[in-house]
Amino acid sequence: MSAPATPPPALQEFKDNLRAAPRRILETAFRSGNPSTDRTRSTFIFSNVFLHLHSVRVHRWTLKWSTSMGLGIATTAGFLLTLITGILLMFYYKPYPDAAYQSIKDIHFVVPTGRFIRNIHRWAANVMVVTVILHMARTFYTASYRRPREFNWLIGMGLLAVTLGLSFTGYLLPWDQLAYWAITIGANIAQSPREVTDAIGITGWFDPGGMQKFLLLGSDTVGPEALIRFYLLHVMILPLALMALMSVHFWRIRKDGGLARPADADQRLGNAPGPVYPVFTQAPLKTYSLAAIVRGRTPAVGNGPENTVPSMPHLFYAELGVFMLTTLVCLALALIADAPLKELANPSIPENPAKAPWYFLGLQELVSFSAFVGGIGIPTLVLAGLGLIPYLDREEAGTGEWFGGPGGRKVVFQALVVGFAAALAIESFAIRFGWIREWYLAVPQFVVTVLNPGTILAAVYGFYSVWLVKRYKSTRAGALGLFTCFLCGFLVLTVIGTYFRGPNWVFYWSPGDWPRH
Amino acid sequence: MEKNKYLLLGSSVGVLLLLIVAAQESFRKPWRQVQASGRGEDGEIAVRLRQITNANLRVGDRCVSCHVSMAPGEQSVTGAAILAAHKPVVHDPAEYGCTVCHGGQGSATEKADAHGAVHFWPEPMIPLRFAEAGCGTCHTALQVPNRELFQRARQTVDRLDCIACHRIDGRGGTIRPGGGRTEGPDLSHVGIAGYDKGWYEKHQAHAAKESAGPWKTSFGKIDDADLEFIGIYLATRVSAPALIEAKATFHSFGCLGCHRVSGAGGDEGPDLSRAGEKDPGQADFTNVAEGAGLDRWIAEHFRSPVAVVATSQMPPVAASQKEIDLLTLYVLSLRRRELPGAYVPRDQMQVTRFGQREFAPDGATLFGAFCAGCHGPEGAGKHASGGATFPAIANPDFLGVVNDQFLTETIRRGRPGRRMPGWAKDGGLRDEEIARIVEHLRKLGGAGPPADDNWRASSKPETGRGIYAANCSGCHGAKGEGGKGPALNNRAFLEIATDTYLMETVSRGRRGTAMAGYREPSPTRRALAKSEMESTVAFIRDWQKEKK
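Those protein sequences? They're chains A and B, same order as listed.
At position 184 of the first sequence (counting the first as 1) the number is 261 in this note's numbering, and the numbers step up by one without a gap.
At position 126 of the second sequence (counting the first as 1) the number is 130 in this note's numbering, and the numbers step up by one without a gap.
In case anyone wonders, no lab produced these hints; they're calculated from the structure.
All C-beta atoms in this analysis are idealised placements derived from N, C-alpha and C, irrespective of residue type, glycine included.
Mixed in with the good hints, there may be bad ones.
[To be verified] A short list of chain B residues far from chain A (calculated; beta carbon distances all over 12 Å):
hint, residue
1, N58
2, A246
3, M318
4, P365
5, N399
6, P400
7, E413
8, R422
9, H444
10, P454
11, S463
12, A473
13, G486
14, R495
15, E524
16, P525
[As the list claims (entries may be wrong)] Calculated pairs, PhoX-like style, for lysine-lysine (alpha carbon to alpha carbon, straight line, at most 25 Å):
hint, chain 1, residue 1, chain 2, residue 2
17, A, K182, B, K115
18, A, K419, B, K282
19, B, K282, A, K182
20, A, K547, A, K487
21, A, K432, A, K419
22, B, K33, A, K182
23, A, K141, B, K9
24, A, K419, B, K115
25, B, K220, B, K206
26, B, K549, B, K464
27, B, K282, A, K432
28, B, K464, B, K483
29, A, K141, B, K7
30, A, K419, B, K33
One chain only, chain A, in its complex shape:
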C-alpha cells in the first residue's frame, strides 16, 4: 500500500472554492460586508438596488409612530399582498362569464389554500382602500403636502384613484350577482352626464355619459366584453400604473428630504434616549456628491445629522414591522371571513338593492338624488378641491404637526360637528320628507340637479370653509374645515348607503325590515 497521495493542488483549490461558494455568493450579492458598523450599514443600503430608495440615515422624527402611523407602508404592504395573491389567483381564474364563476368556486373548494389566498386578496384590497384614505388624511392633517411636496400630493391622489380603480375592476371578476349588479350600478354612474345632456336635449348628438359607459363596458350591458376589459385593467394596466406612480411617489419622498417634520423637530425630540450611534465613526466612504446639494432641501444641507439614526436597521424595523402587522391583519381577516360569492350572475334577476362597492356607496347615495351630481358634479369638485389644496395653502405654520396651522384642533373639532350635523340633517330631511320630485312631479330635472341634498351639503361645507378662511385669515384653516367636513360627509353617506338603504334605495333601520318581495 502506498501512502495516500496528496491531491493535486488544482483539485484542492476546487474543493476549497466549492466549500467557500455559499459565503462568496452572499458576499458578492451584498457587497458591503457584514452591516455591523454605520459605514457598512450605509454601504449595505446604497449598494442594494431595492434598498437604495432609502436614505442611509433617517431622522428620528420620521420613526415616531405618530408621525406617519405607518399608513403609507401599510398601503404598500396591502398592494404587495394583493399582487402576490393576485398572481396566484391568475393561475386558476378564467375571464369569461360562467367559467369565471366556476373557477372561483374551484379556487374556493379544491385549489389548495385557494380559499385562503382569495380571502387575503380581498381583505388586502379593502385594507388598501382604507389605509390609502387614512394616509391621505394623515398627510393632510400634518400639512405634509406643502412645499416641496405639493406635486407628490397630486401623485398620491393619482394613487388613490388607481387603487379605487383596481378594487372596482376586481369587483366584477367573480361574475356573481353581487359583482354583476355592482358593476351595472357603477357603469350607470359613469353614464350620469346624461342627466344634464338629457335636460338640455343634446344627448342625441353629444353623449359623453353614454360614451363613458360604453368605454367602460365595451357594450351596452355588462357582458363578456366588460369582463375581459375589467380583467385586463385589473391584472395589467392598473397595477403597472400603480407601480409607476408608487415609484415616483417614493422617489420624491427621498428627494424631498424624507417625511415632513416641523422646523423645530430637533428641539422637540430632545436628546435621543439610549445609546446613540456616533454619526460617523470613520470618515465616510462615500461623500455626498455635488448632485446631492444642487437643490436646497436635501437632507444633508443645512441640517446637522445629529438627530438621525442609521436606516439600517431602525427604519427597516419600522417598515417591516408595519408590513408584517398589515399582513397579520389581512391574514386574520382572511381566516375569519370569506370573500363574498353570491349566485351566478343573472341579468334577468336584478339584485334589489343593487349596491356598488362600499367606497362608492356615498356616491351612490348622492346619485339617488341626482345622477349627475353624484356621478360627476361632486366627484369633480372633490378631486379639484383636493388637488388644489397644496397650491392654495402656501403657509408655513404647522408643517409636519398634527392639525398644524391656524385654528388647529379647534377648527377640526368644530368642523367635525358641522360636518356630521349638516350631513345627518340633510339626509334625515330627505329621508323623512322626500325631495322636490316627490312634492312636484312635473318639476324640470334641471331644478333637481341644481337643488338636491348633495349640492346643498356641498354648498354648506363650502360656505363654512370660506367663513373659516375669513375668521382665521388663513387658507389652512379653511382647508382643515373643508377636508374634515368632506370626511364626515363621506362617512355619513357611505354608512347610510351601506347599512340603511334597502330595496329601491328606500331607508330602513335594518335589513331585517326589508320587505320580502
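Fit chain B to the given chain A structure using the hints.
For chain B alone, coordinates are given in the frame of chain A:
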C-alpha cells in the same frame, strides 16, 4: 425605536401562527378523513379528490369525494355509511353525475356547501323523501290520469294479482322454481320502454296451452274495463311511482284551472312550469314553520297560501297531509335543465315537439285537472271567500236545459267579464278535449240536452220589462248586470244561451241555488203565466242587441 423591533417580531410570529392555522384548515378536509376510513378490495383506498364529470350535461360533481362508492369504477368501497354505493337505478351515477337528479352544489367539497342549503346557492338538494322530483329535471310523465282513476288502476292490478308473476316498482314477482328469474318480466318501466299491446291475447293463448302451474292457477279472463285500467297503469310505469301518483293528485285538484304547466292551463296564478326550481334564497320563510327547505315552503303554501305569500289569491287546498306531500313532490319535480340533443328523453320530446299531453285524454281527468279547482270535483260549484261564485255546472236542472253547444262554446270562449277564461285559445285545450269535458259533465249531472231546443220567445221585449223588474232585478240587477245571481246581460252568454234554456230556467228554477222556478207560486209571490215568462225571456234576449 426599540418598539419597532418588537412590532416586527410580534407581527412576524403572529403571521407564522396564522399561516400554520390556515395550512391546517386547507389540508385537513373532512373528505380526506372519510376516504381514509374506507376500505377497497385491496385494503386502503387512495385518498384523493374524486369527481364525476360529464361535459355534455355540464356536470362536475365532487360529491363522490365522500360518497366514494358512487365514483366511476369504485363500487366496492366499504366502511362508513357515507361510502355506500347508490341503489340500482336506470341512470348510472358514474355517468350522469349526482346533481342532475338530486340538485346540490357539485363543485363543493364540504357537506353543507355540497348539499346546497347554504346562502347564495339556488339549487339545494331535493330532500330524499322527494327524490323522485329529480326525474322532472329531464323527464315528463305522459298521459297521467287523475288520482281516482289512477287508484282504481292500481287496485285493478292488485286485485287481479298481476304482481304474482310480475315485479312492479319493487313489489311482487315470484321467483320461478329452479330458475333465477321471476315468472313474468319486470314491468317497472314499461311506460318508457314500451310493451307488447297484444299481451292479453298472448297470455290467453299461453294459458290455454298450459295444463298446470301458475298459468292455470293465476291467470284468468279479464274484462274490458279492467283491461283499460291495466293499460293506464302500465303506461305510467316509469320507475317513479310516487311521482306518477303525485302528478295524478295534481290532476285532481283543478290546479291547471289557474296555473299553466307546459303551455296548458289558466293564467290566474303564476306559470308553474319551473316552480320546482324556485331559489329558496328568494322565498319568504317568515311564516313557514320547521326548516327552510323549498319543500316546506311549498307544503305550507298549499295549506295557507296567503300566510306564505301575502298577495296570493289562491284558496287553501283542502287536502290531507298525504295529498299535500304528493302535491309538493309534483311541484318540486317541475324543473328543467338545458340538455344536449342526445340527452333529451323521448317523453320530453313527445311533449315539446309532438304535442303529446301530460294529462290523460279522458273527460274525468280533464275535468279534474282544469275545472275542479273552481267548480268543485263533482261540479257542485263553489263560493270563494271573496264573494265570487263559481256555478254548479253539474246541476241536472242546468244540464237539462242547455245544449252541448252552449257547454262547448262556454268552455271554448270562456265568459268575458267573469273568471271563466277561454280554454280553446288561451287555455291551450283542444277541441276533442273540450268535447270529452262536455261528455264528462253530462255524466256527472246525469242529464242530457233538452229535447226541443228550437223554441223562440215571440213576445215583444217591452212587455217583459215590468215582470223582470218585479221578479228578477232583485238578484240579477236592474239592467241584468248581476248581483247575488249571475249577470244576464253578458253578450257572450246570450249569444250561446237558447230561448229554451232561458225559458226552462225561469220556469223550473235551479235546485240547490237561490233560483226558484216561477211556474210554481212561492210564499212571497204568485206563479207566473207561461206568456209572462215568455215576455221576460224576450226582454232578457233584447240585451243581446247592439246598444247605442
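These are the hints, each one checked on the structure:
1. N58: holds (15 Å)
2. A246: Its Cβ never comes within 12 Å of chain A, the nearest being 30 Å, so this holds.
3. M318: Since the minimum Cβ distance to chain A is about 15 Å, M318 of chain B lies beyond 12 Å and the statement holds.
4. P365: Nearest chain A Cβ is 36 Å from P365 of chain B, so the label holds.
5. N399: Consistent with the label, N399 of chain B stays out of reach of chain A, its closest Cβ about 40 Å off (over 12 Å).
6. P400: holds (45 Å)
7. E413: holds (39 Å)
8. R422: Given a closest Cβ separation of 29 Å, the condition holds.
9. H444: holds (39 Å)
10. P454: Given a closest Cβ separation of 51 Å, the condition holds.
11. S463: Holds, since 57 Å exceeds 12 Å.
12. A473: holds (48 Å)
13. G486: G486 of chain B clear of chain A: closest Cβ-Cβ about 35 Å, beyond 12 Å.
14. R495: Non-interface label on R495 of chain B holds, nearest chain A Cβ at 39 Å vs cutoff 12 Å.
15. E524: holds (55 Å)
16. P525: For P525 of chain B, whose nearest Cβ neighbour in chain A is about 57 Å away, the distance exceeds 12 Å, so it holds.
17. A:K182 x B:K115: holds (15 Å)
18. A:K419 x B:K282: holds (16 Å)
19. B:K282 x A:K182: holds (22 Å)
20. A:K547 x A:K487: holds (15 Å)
21. A:K432 x A:K419: Holds. K432 of chain A to K419 of chain A sits at ~13 Å (cutoff 25 Å).
22. B:K33 x A:K182: holds (16 Å)
23. A:K141 x B:K9: holds (13 Å)
24. A:K419 x B:K115: holds (18 Å)
25. B:K220 x B:K206: Between K220 of chain B and K206 of chain B the Cα gap is close to 14 Å, so the pair holds against 25 Å.
26. B:K549 x B:K464: With Cα atoms ~14 Å apart, K549 of chain B and K464 of chain B stay inside 25 Å; holds.
27. B:K282 x A:K432: Holds. K282 of chain B to K432 of chain A sits at ~24 Å (cutoff 25 Å).
28. B:K464 x B:K483: holds (17 Å)
29. A:K141 x B:K7: holds (10 Å)
30. A:K419 x B:K33: holds (23 Å)
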